[in-house]
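Undergrad: Chain residues, written in single-letter form:
2 protein chains.
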Amino acid sequence: MLEKRTPIGIGEAVSKVMKYKQTGIVEHVSINESYGRYLAEELVATNHVPPFDKAPYDGFAIRSIDTKEASLSNPVEFEVIDHIGAGLVSLKKLGPFQVIRIMTGAQMPEGSDAVVMLELAQTSERDGKQYMSIKRSYNSGDNVSFCGEDAREGDVLVPKGTFINPGIQAMLATFGYAQVPVARKPVVGLFATGTELLEVGDPLEPGKIRNSNSHMIMAQIERAGAEVQFLGKLPDELETCYEAISKCIPHVDMLLTTGGVSVGDFDLLPDIYKKLDAEVLFNKVAMRPGSVTTVAQVNGKLLFGLSGNPSACYVGFELFTRPIIRTMLFSDKPHLRKEKAILQTNFPKANPFARFVRSALSVENGRLVVEPSGMDKSNIVMSLAGANAFIILPGGTRGFHSGEEVDVLLLEDTLGSVWPW
Amino acid sequence: MLEKRTPIGIGEAVSKVMKYKQTGIVEHVSINESYGRYLAEELVATNHVPPFDKAPYDGFAIRSIDTKEASLSNPVEFEVIDHIGAGLVSLKKLGPFQVIRIMTGAQMPEGSDAVVMLELAQTSERDGKQYMSIKRSYNSGDNVSFCGEDAREGDVLVPKGTFINPGIQAMLATFGYAQVPVARKPVVGLFATGTELLEVGDPLEPGKIRNSNSHMIMAQIERAGAEVQFLGKLPDELETCYEAISKCIPHVDMLLTTGGVSVGDFDLLPDIYKKLDAEVLFNKVAMRPGSVTTVAQVNGKLLFGLSGNPSACYVGFELFTRPIIRTMLFSDKPHLRKEKAILQTNFPKANPFARFVRSALSVENGRLVVEPSGMDKSNIVMSLAGANAFIILPGGTRGFHSGEEVDVLLLEDTLGSVWPW
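So the sequences go chain by chain: A and B.
So for the first sequence, full-length UniProt numbering puts the first residue at 1; every next one is plus one.
So for the second sequence, full-length UniProt numbering puts the first residue at 1; every next one is plus one.
For reference, chain A alone in the conformation it holds in the complex (with noise of 0.2 Å):
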């Protein structure tokens, strides 16, 4: 029954499971729908940006020319022969002092080459006709926004894999996407295993816990940009087991289990495997927690068989599962975006393994420090709350010092990293 299993390195494992990554698959919402899904295709311009030379301010186009002899002690008047708004276009074209009235965004009307700022110009009206004078010098194209000097029709201004955020959706109306090119959330099928596991709805009983896991990956799941289709628990035979995996695997993208994968008496998932006829890419990994995170494939698709352990659950999840989303999200840096942080407090233990401490990550005078967010025992939840980031403790090292320099993968993050970090 104790099966003895040969762990691999994590970078091992990260390419085994990478080998069956796919790519995603293209679905058009409406832009009022788009914000925080990621561009599925490149965003690129429509048009040139501004569509036509216009005016940044309230004021008046003029011809720079007739402004030359102006000075603090010559004010020189044009008359105001048209008044246009913002969307309007003046039909008349200006001649020899002469000027238009104009508003912000307003396209420059015929003739005209400059802006005077309404501030900066005097009006008054004489026999029905409108004045304005000013007191200084325009040359030809200040306070001109020219036509694409801010991006040029065709121009790729977002890559694909980008996560919508305001400005893009901004973008997005400016060049007349309605309906946008968007990744379809990949499907990801969950199932608990752990028959032992109360409902959060459930009251305490004797030996048992409230199933967290379940609810913390649906999360995990949401957050890394997936869809989680929740299939229940795994009833506890293996016959039933085998017939609910196998019937769901043709509906999801990928499938989670949690738990049933230690190497303990009541576990399922290798029997499971086997009968599947999947590939188990590996079932231990060098690394804590998470050590016993099991990856499969069948006809190409990935079953992740995470532990059911809370943190190792956790680590499984955002190192082996997240690039695979990602990566159906257009995204060409699927994995958790690593950074350098300062540790902010001792951590004594060695390190056989490489560690994953799940950390609380902040800032300080412009510099990344971190630290542990709870004790790191494999067991805590409490210590899932405050992380916003891993610590990675390689392995072979005896323990850290406050003040040291460590690597760090953020969690709360939509940018990542290439691999191998």
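In case anyone wonders, no lab produced these hints; they're calculated from the structure.
Errors might be hidden in some of the hints.
Claimed, not checked - Below, simulated DSS-like cross-link-like pairs (lysine-lysine); rule was C-alpha separation at most 30 Å, straight line:
#	chain 1	residue 1	chain 2	residue 2
1	B	K4	A	K129
2	B	K16	B	K129
3	A	K93	A	K135
4	B	K340	A	K338
5	A	K333	B	K338
6	A	K4	B	K129
7	B	K19	B	K349
Fit chain B to the known structure of chain A by using the hints.
TA: Then chain B, alone, in the frame of chain A:
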């Protein structure tokens, strides 16, 4: 028509707005829908964690006193009298030199006080009985997770106003929060002005551009944690505007308009405020962009008149509206989070007024570094796309150089800062 406005300082403007902040409203949602919401009450431990003494590893529950003589040269043998899985409780009590096979997470059986890890025990069978032997001694408490060592019943584990991340989801499940008290999302009514603007789906026309502000601000509202109620475009006629606005006010927590606040000839909003009998808190702020941001209140409900210029609109929302929303999400740090970063480029422009520069913040060798995300013209939609921060350039400064330290405000953040920065 050309009303003279007196600009007030940013700090004064923020406090004028914050005088009208409201506390949030608690609603209960299923734990399956609570990820990404904000806790409206403290998360309190409803039981000890662990709720009983338990085994953190697979192995054998022992009486440590029986192991005192064990050593490499003197293995000590024990009889295995029971076998318990996680979630089960043994009814047997350990006598001298008896052990119980125990699974990770299972409750310690009566009489036991330490756990031997499975890998360190030698098992055997004789006459239908099971035995194990060990070659080292144990102290009472070795490898035991004690009841309450992670949390005590009644402990406040997470303060209200906290963004619910996957780890907090796990804690909510652990403590039986099947229904989670979250902050009801504030409802933000949104009117666009500017009849000259084209809709996203419209083809371009001479002199016209598409309405990008509405889509941008809708995403900002969502990012801040509120719900947007888009009320369409305000008509150009005062009486109809007044009707539309006064009708919607009772149904929203605050009202946003974009455009119509400049000192331009076609700007309606000041007249509408007058007709509504609203108190204008300010209509000019000593800042760039966004100086024409106007905030009014009527019967304590805030009306945000944001600029029609995309960048000014963006900044005005983040500085003035966001803290009101986050306060309603029970945050005690509702303002944009402020940090220090190293400028990576020259910013030669002098700043007569405080300037908020849309910027791309990143990390280099553990240090926050920042640069403007586009040319900083206030009418450039482009610079908003890569922006995840503002650089604050204080008024009265003469420009900044690459390598200098600047203050930055984080846009993609759920923690926030207190005021004043």
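Undergrad: Against this structure, judge whether each hint is valid.
TA: Quick rundown of the hints versus the structure:
Annotation: proposed proximity of B:K4 to A:K129 holds, straight-line Cα distance about 24 Å (limit 30 Å). Of the supplied pair hints, the one linking B:K16 and B:K129 is violated, its CA atoms being roughly 80 Å apart against a limit of 30 Å. For a cut-off of 30 Å, the pair hint linking A:K93 to A:K135 stands: about 24 Å separates their Cα positions. Proximity of B:K340 to A:K338 is assessed by CA-CA distance (about 20 Å); at most 30 Å being required, the pair is judged to hold.
Between A:K333 and B:K338 the CA atoms are separated by roughly 28 Å; this keeps the pair inside 30 Å, and the hint holds. Of the supplied pair hints, the one linking A:K4 and B:K129 holds, its CA atoms being roughly 24 Å apart against a limit of 30 Å. Between B:K19 and B:K349 the alpha-carbon distance is near 34 Å, which puts this suggested pair outside the 30 Å criterion.
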